[in-house]
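A.B. asks: Read off the chains here:
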Amino acid sequence: MAKNNILKDTIAIIRKDVMLEFHTREVISSMLVFALLVVVVFSFIFEPGEHEQQRIAGGVYWMALVFSGLLGLGKSMLSETSGGNLEALLLTPTSRNAIFLGKVFSNLIFMFALQAVMLPLFVILYEVNLLSDPMMLAVIAATTYGFVLLGTLFSLIASRTRTREIMLPLLLLPVLVPILLAAIQATNAMVAMSPLEDYIKWIRLIVVFDIIFTAISLVVFDPVVEE
Amino acid sequence: MLKSKLFFVIDVLAIVMIPVALWFAFFYAPLELRMGAIQKIFYFHVASAWVGFAALFVTFVCSIIFLIKRNHFSDDLAAASAGIGLLFCTVVLMTGPLWARPTWGVWWTWDPRLTTTLILWFIYAGYVFLRKFIDDPDKRGKYCAVLGIIGFFDVPIVFLSIRFWRTIHPNVVQSGGGGLHPDMRTAMFVALGAFTLLYISLANKRVRLAKLEREYYTAE
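Residue numbers (my numbering), protein chains in the order written: chain U, 45 to 271; chain Y, 7 to 226.
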């Protein structure tokens, strides 16, 4: 019974977030434009027409995603805290698990939607076929999940501080170092057409990271969600 | 009463042991053949690194205790330990390049140990900032405890990831001293002991200060 409720409540929160975003499309569209902007600005690093751009494509893709993701996470949590929505949610008999998981999965949906548009545009701009290797989908899924999981946790924390905009990247980026490095290295290896055994360790690292921090988040998020 | 006496003894020992460690490093330990006097930095570098990393463990344990018991002491000690950890991490990151420049020819290299220490520094810095920017003591304790726990699990994964990354490239710098002269080892352990005493002494002062501050503000 209780388990069923958690699932139902989680889906209700995801639906709320997705519907809200669908009406305005404010956050996702601004995230997309910002991500593209990062890609364009980063392309000034190298001379046009050089192969250099293929060598660092993975880095540019993930940095653009992380920067726009930071903005999106901050905004998504701001809409919860500024209008007192989170307080209202906590007053209802909704379980905290459902609130946390709901936020994680709605953020995950936004990040996937963002990449569904960004990835083809990136392929055009950088002339690299990121999806030539189907394992890239696994890297995208696992890395985005890890980013969103800790991102949701830290954005909940950061939204209650006096300097929330700067606090989120300050807390999140150092902790994300392992999966960012792994995602960039794996992507670069795939762009360079390396065989699977060359980069499988990076995928393993991301998966291990995801498992460890899923377990830890489920243990520690309770005091973070409560008021 | 007994506790304050014990800490007084530790304070005095810390003050005495630092010059003793200096004496051991400069007069007792032999001069390194190839590196010369610059190698003396090693004793304080290693001792600071030990305290810098051990402090994270103390913060981690205290964070767990705080989340379960919600007592002031564990929060105070976690905060004190993170603050001192940041200090000693800074010392490691300053003494390292001073030694690396004449020895390796570069100030910095993206070696697993160096990079992990740098990331640890950022985690400590985030922790210290987070404490500053939350006014409500209960929230501050909870959020910082979560960061303390996540940081502790993150640091080994950071180390692992950087090691993966660097093994693709030729390893320019072989870290680890290998065969250390017995007298050098003695000097190193004296420095380790001295810095550990310093850590305990500083942590005790910060915990007491936090307690006094709280008493002052609640009395008002």
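It is worth saying that the hints were derived from the structure and are not from the lab.
On a predicted model such as this, the values are computed, not experimentally measured, just so you know.
We treat Cβ as the ideally placed atom computed from N, Cα and C, and that holds for glycine.
There may be inaccurate statements among the hints.
Unchecked claim - Computed beta-carbon distance windows for the label pairs:
(1) Pro239/U <-> Met41/Y: 14 to 24 Å
(2) Leu181/U <-> Trp114/Y: 20 to 30 Å
(3) Val252/U <-> His187/Y: 54 to 64 Å
(4) Ile21/Y <-> Leu240/U: 56 to 66 Å
(5) Lys138/Y <-> Leu122/U: 17 to 27 Å
(6) Val252/U <-> Tyr222/Y: 45 to 55 Å
(7) Phe135/Y <-> Ala56/U: 31 to 41 Å
(8) Thr68/U <-> Asn77/Y: 37 to 47 Å
(9) Ile21/Y <-> Leu135/U: 50 to 60 Å
(10) Asp144/Y <-> Ile50/U: 22 to 32 Å
Unchecked claim - The calculated lysine-lysine pairs, modelled on BS3-like cross-linking and capped at a C-alpha distance of 30 Å, are:
(11) Lys75/Y <-> Lys138/Y
(12) Lys75/Y <-> Lys119/U
(13) Lys119/U <-> Lys60/U
(14) Lys9/Y <-> Lys217/Y
(15) Lys217/Y <-> Lys75/Y
(16) Lys119/U <-> Lys52/U
(17) Lys217/Y <-> Lys119/U
(18) Lys145/Y <-> Lys60/U
(19) Lys211/Y <-> Lys11/Y
(20) Lys145/Y <-> Lys52/U
(21) Lys217/Y <-> Lys11/Y
A.B. asks: Determine for every hint whether it applies to the structure shown.
C.D. replies: Verification of the hints:
For Pro239/U and Met41/Y, the hinted distance range of 14 to 24 Å is not satisfied, since their beta carbons lie about 42 Å from each other. A hinted range of 20 to 30 Å for the beta carbons of Leu181/U and Trp114/Y is inconsistent with their spacing of about 36 Å. Distance hint check: the CB atoms of Val252/U and His187/Y are about 40 Å apart, inconsistent with the given range 54 to 64 Å. Under the hint 56 to 66 Å, the C-beta atoms of Ile21/Y and Leu240/U, about 59 Å apart, fit the expected range.
At about 21 Å, the CB distance of Lys138/Y to Leu122/U agrees with the hint of 17 to 27 Å. Distance hint for Val252/U and Tyr222/Y: a CB-CB separation of about 46 Å, consistent with the stated range 45 to 55 Å. As the Cβ distance of Phe135/Y to Ala56/U is approximately 35 Å, the hint placing it in 31 to 41 Å holds. Between Thr68/U and Asn77/Y the Cβ separation comes to about 45 Å, which falls inside the hinted range of 37 to 47 Å.
Here the CB-CB span from Ile21/Y to Leu135/U is close to 55 Å, well matched to the stated 50 to 60 Å. Under the hint 22 to 32 Å, the C-beta atoms of Asp144/Y and Ile50/U, about 26 Å apart, fit the expected range. Distance restraint check for Lys75/Y and Lys138/Y: the Cα-Cα separation of roughly 23 Å lies within the 30 Å cut-off, and the hinted pair is therefore satisfied. The suggested pairing of Lys75/Y with Lys119/U is violated, with an alpha-carbon distance near 33 Å, which exceeds 30 Å.
At most 30 Å may separate the alpha-carbon atoms for a hinted pair to count; Lys119/U and Lys60/U meet this at roughly 15 Å. Taken as a hint, the Lys9/Y and Lys217/Y pair is honoured in the structure, with Cα atoms around 15 Å apart against an allowance of 30 Å. Between the alpha carbons of Lys217/Y and Lys75/Y the distance comes to roughly 17 Å, so the proposed pair stays at or under 30 Å and holds. Between Lys119/U and Lys52/U the alpha-carbon distance is near 25 Å, which keeps this suggested pair within the 30 Å criterion.
Between Lys217/Y and Lys119/U the CA atoms are separated by roughly 37 Å; this puts the pair beyond 30 Å, and the hint is violated. With a C-alpha separation of about 27 Å, the suggested pairing of Lys145/Y with Lys60/U holds against the 30 Å cut-off. For the suggested pair Lys211/Y and Lys11/Y, the alpha carbons sit about 13 Å apart, so the restraint of at most 30 Å is met. Between Lys145/Y and Lys52/U, the direct Cα distance comes to roughly 29 Å. Compliance with the 30 Å bound is thereby established for this hinted pair.
For the hint linking Lys217/Y to Lys11/Y, the alpha-carbon distance of about 18 Å falls within 30 Å, and the restraint holds.
Checked against the numbered hints listed earlier, the structure breaks hints 1, 2, 3, 12, 17; every other hint is satisfied.
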